[in-house]
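Visitor: This is what each chain is made of:
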Amino acid sequence: MTTVIETQKLTKSFGSTRALDGLDLSVEQGEVHGFLGPNGAGKTTTIRVLLGLLKADGGTATLLGANSWTDIESIHRRIAYVPGDVTLWPNLTGGEVIDLLGRLRGDLDKDRRAALLERFDLDPTKKCRSYSKGNRQKVALVAALASRAEVFLLDEPTAGLDPLMEAVFSDIARELKGQGRTILLSSHILSEVERLSDRISIIRAGRIVEVGTLGEMRKLHTTTISAVVRAPVPSLDGMAGVTGLTRDGNHVRFSVDPDSLDEAIVAIGAAGLDSLVSEPPSLEQLFLSKYEGGAK
Amino acid sequence: MTGWRGLMRLAWRRDRIMIGVVLVCIWLLSYYSAVAMPQLYTTTDQLVAANSAANASTGVVAIYGHIYNTASVGGVAANKVAMLDFLTLAFLVIAIVRRHTRAEEESGRFELLGATPVGRIAPLGAAMILAAVTSIVSGVVTIPAVIAGGWPVGGSMMFGLAQTGVGLSFAALTAIAVQLSSSYRACGAWIFGALGVTFVLRMLGDVNWDKPGRIIGWFSPLGWAQQVRYYDGDRAWPLILPIVLLAVALPLAGWLQSRRDLGAGLLADRRGPATGKLGTPLGLAWRLQRSGFIGWLITYVILGGLFGAIVDTIGGMMTGAAGDLLAKLGGVGTVNDIYLTLVGVMAAFGAAAFGIGAALRLRSEESSGHLESVLATRVTRLRFFASHAVIAFVGSTVLMAVLGLLMSAAHRTGSSGFWREASPAFAHLPAVWVMIAVALVAIAWLPRFDWLGWAILAGIVFLGELGPLMNLPDWVQKISPFAHTPKIPVEAMSWTPEVVLTAIAVVLVVVAVVGYRRRGMPVT
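Protein chains in written order, with the numbering used here: chain A, 30 to 325; chain B, 673 to 1196.
Chain B on its own, in the form it takes in the complex (with noise of 0.2 angstroms):
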């Protein structure tokens, strides 16, 4: 461990900003969550019948947890607030460790390290404890955030420590990570892997909280979280397991960083073919990011499937104050209605990352030196735009087509007609669109802004979940392009946004292609 605290300096320099901003949007939207309770629900009876409709509802257990004490004053809106505070915790905690790690090693800046006094571990151990104490800090703040915010003391307590075990456990699981390939990339898809498999298990074990069944949520640590129960009987021991789990992957961690090579991974480089097919810069593209890809169609077909699958347990669970009252909350339609327009819409957030990740491909190809070689062959810098803005966009259409179809071929019996209940999916498009639209204008205009993209995004979705809850005023919430398309089937169709929001893609591409045409390259 020698050298670890020049190590996680030099960490903590590099990441500040990102980890900073992070941390104040967890801080803010915990808070701004526990102020807008009292707003929603001013009498208990209003609070228990919120919860009930929340528990009644399969979509939101499944996807927030379930409520066991429906007179809880967090209640749907804490596990709601919690849910989003822990992924982001453990999307943040994840960069951490991999950037500092593995990352450092693949680019080779870790050989100009390795020749110091720095110990085998130290940069793992710096990586580790620089996520550790954003772990604490994170969710130790939280803490007076939420009390602030008009929550109980004793739960606030239980709420910020459940988000710091859940950035511990993945601070561990991504330790492990970074160990099995040599490779910055296929770590994070072993990692995000494993965030998913959590969540998924977790969402298994929610579902079925009254059976044998829920058995399985105890194998995730977004599942440990959740049964410390915050407002909801506030138990502390779950809070051990992270400490567990930590306990036995850094060891374990170490050991394997220890005794394999520098760069070298677990699962050691095969050889390839000595001649290539590829030929053409989408052949390129394609090739580049066809395993991430990959990694979005089969989540999506999943998502897609189960979603589908549990529409009906949610209209058929809906019994008489609590189905009104969700039907008053969300407005005109029904229960089965709300639930897929929900749908439609956090799938066009995430259609709308692997859009905006896939555009910054070029950016990546452009800082990394590759992109020198390819524009020094009869390759025009529009054809090569091209090529990873094309698998942009046609990806991003095809995850949502394939999510719709499969939600509506899920849900046979009962559907409202196989094309009303696919085309929530479809209803979003032309507002992803614009989303990866706007990345590429920063990528051609702003290259060193590139990460505007990822920051428009993120501040669009924040707008999304906080915006009604801070009474942001009207002209604030509708910057987002989410917020004119239409919301079917809970609202009627309407071309007018679709065919403007498109139109607006449209010209930001064009606007993005005059300024790729126009840069010197390589920016870096």
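Next comes chain A alone, as it looks inside the complex (with noise of 0.2 angstroms):
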């Protein structure tokens, strides 16, 4: 696997505000990486320290193995980006604006715009002033995913799309994926990066406060149980790792640390089952924890 984005202690200030605090982002190659924390944690700072536009205090980025803020010319041949917020020419049309694009950037795929604006339902002779939210979203997707690009940044590329238009995105999300190419998804929608990240970095307060695919970040918290047992199991009571332990005459619902699951487990099914679900730790659970706790 070769790393083609890599942040080290990556970190960056406006004014008294610290918007990058040691960040460490790793993305392999091929991968859809989902970058993940609610608005203002340093999202799109560390994208456009990646693109350039921002020149890092302390630490290094990488991308594609060169450097970003010197060898943007190099770089920037083989990337496409779509900003958080777009804004477009007002004056120029839709297909003006991706066609402009696709040439400054040095590859517009003619065949596939044609077939990207069918696939979003995009009339590329408006003016960009009298599009919607949605529909500039799709002009800006359209510009970048038109390329033949290596890394696709995408900032928040969902946002203002309806959701039929959401799931467009995520096939040709998969599809890029398929053909090798990599993906830095940043949202705050969980669902979405859920959906189709292999592996995930959540930011907190300008640093990744954990990262992993979402199997291994579901293997480090709790599993919800809620089970109809035949006898009560007074061995919860007091086991270690079980946690929020309610009783409902013959239902219990507890919560369960990775590591004491098999014991609570064992401890129910010897009491006899009459009905058991176990629901791994969402997305938005894992989420919550790390912002829950506060300031650490």
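If you are wondering where the hints come from, they were derived from the structure by calculation, not from laboratory data.
Only pairs whose alpha carbons sit at most 27 angstroms apart, straight line, appear in this in silico DSSO-like list of lysine-lysine:
id	chain 1	residue 1	chain 2	residue 2
1	B	949	A	162
2	A	156	B	949
3	A	248	A	319
4	A	319	A	38
5	B	752	B	883
6	A	139	B	949
Got two chains here, each in a separate frame; can you build the complex from them with the hints?
Guide: In structure tokens form, the structure reads like this:
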């Protein structure tokens, strides 16, 4: 596996605000990497550093093996970008903007452009000032996705899109992944990241607080068990790793740490089971658990 | 109109510095012009001679107006400062009305307000009230300022109120212009075009002051203000005309605003091509700046032809004492030469304004978020910077060249030589380049203070106008690059300042490029 995006101990301050505080991000070739965090966590700042728009105060940022600040020209031929806040030239048409950005990048795939316009159901003859937010987003998406780029930096790419168009985007993202291309998918929409991403980095206050596949992350977090048992299970009381235990007649509910999971299951199994529902932690729970703790 | 008070407070909060600075400039300029008069003309004879000389020059009449009573105390100085005050106030109210109506709609901020219980015409109303109050304050405070400077009370009242009238007129015209087109920039083209037309109309009226053609001047709000004849007959009745215009334009603008969609204009957006040919940063920059440049070019073509065509009427109408006096005031050279020199300097200020505006596109592209998409491609910062800078430098140079060549071409009979009369337009180019380069340095190193380019140009124009009147020390007046370029053909050509200024411009551009490549983007 080749690492196509790598930052090490990246720091960036704006005045007294520390936007990036030792950020270590690593994205492998051919993966869809979810970049997850709430507003203001530093997602856009990270992407702007990777694009060479901002110069990091400290640490290193490499993209496709090259320095993201100095090697702009060689890197930018091979990447495509969708900004988080899409603004377009009001007096150019959508089609003109797509072609302009394609030519500036240096690769414009005409057939792919036509196909994408069709799939996103976008009218390229309208002036950008008359597009709705969703349609402006589509212009930016078509402009980026019509390229033959190896790496796609997508900052909240589905903002403003309707669910149908979100699905179109998901399909295209999977196709790109199938072709071995890399996508950094910055978002705060958990379901989208959960659906598409191979690995996820959670950013908080300018640091990556957790990274891994969804499966790996789940291993680190509690599973919720809901069971109807035939006999009481007194051994659950005080069992290490079990929290939030509630009993309602034969119905028990509790959360259990990964380490104590088999012990707990054996205990309720021994009592005899009428039904058992086990919920792995959702990304939402993982996410909230990282944020609910407040400042560490 | 529900909610206009809150909107007006918001508008005032956003514009108070701009309004304050511009008004203080107007008041200072007026005060010092009045103060300087007795120093320039110590006897009535001198005053009459100066006013007669001004009347005898078609060029002066075309720019500042005709003086009916040559013993007028304000005379040529009042006409001159009045025109500067009028134009400055007109630009200010246009900016106020445009910023708080169409600009807000185009940016989408209006939607936030539109969802609150704010009336449909409240934003227009709030902007108009702020513009009207600004016009009234500007004119009313000017009155004591010029009385303190030593001008007569009656005339000063007319002087100040005429200024208020100009402000109200252009607020009214802008209210209509913002209804026409859905774009902020197109709205600017309409209203600045209208300002240009009103200036030319009053120019034609003034030049024909003793012929039936003078009626043309009455179609211009600037002409109405002049017809108040401050210090020169003091007639109050033309002051009613801006009120009439306001009374017609305001209901019309309100009616248009209340029946159109948010964000739409009367002139609908057409569809455009599905594919584009743009493929380079320079192509994009040209596409964005094309229409603005063409507007400037048309203006300079017209002015060049016009200024050239009237050269002879100036010299021809100069007789005896008047001609002697004007020659004495301007130092050496013939009357024609003084006129050509004056036109060269004024046109250079205009070309510098175009260049600074073109350079500032770098910033508007940055703060609007367009820059990010462009720099994410293989376009380097240097290439992006160069694209708009090239338009600023080449565009301003082309404007001056067109003006000089046309002016000389239009003055055929009695010309002192084609190149000799075309050259005044070229002589100030290095100073224009320095001004653009200064704006670029501000854009690169102090992006949050990108308006410094404008402020410095305004300061230098005011320095040129006010410096001699205020008897500022020589070194202060020499800050202006325009103080160093040779005033040909009055003075002899001198290459040293041209080379030095060009070198300074080059160094400043290099400094700007270094800063632009270093700093974070985008700064908003």
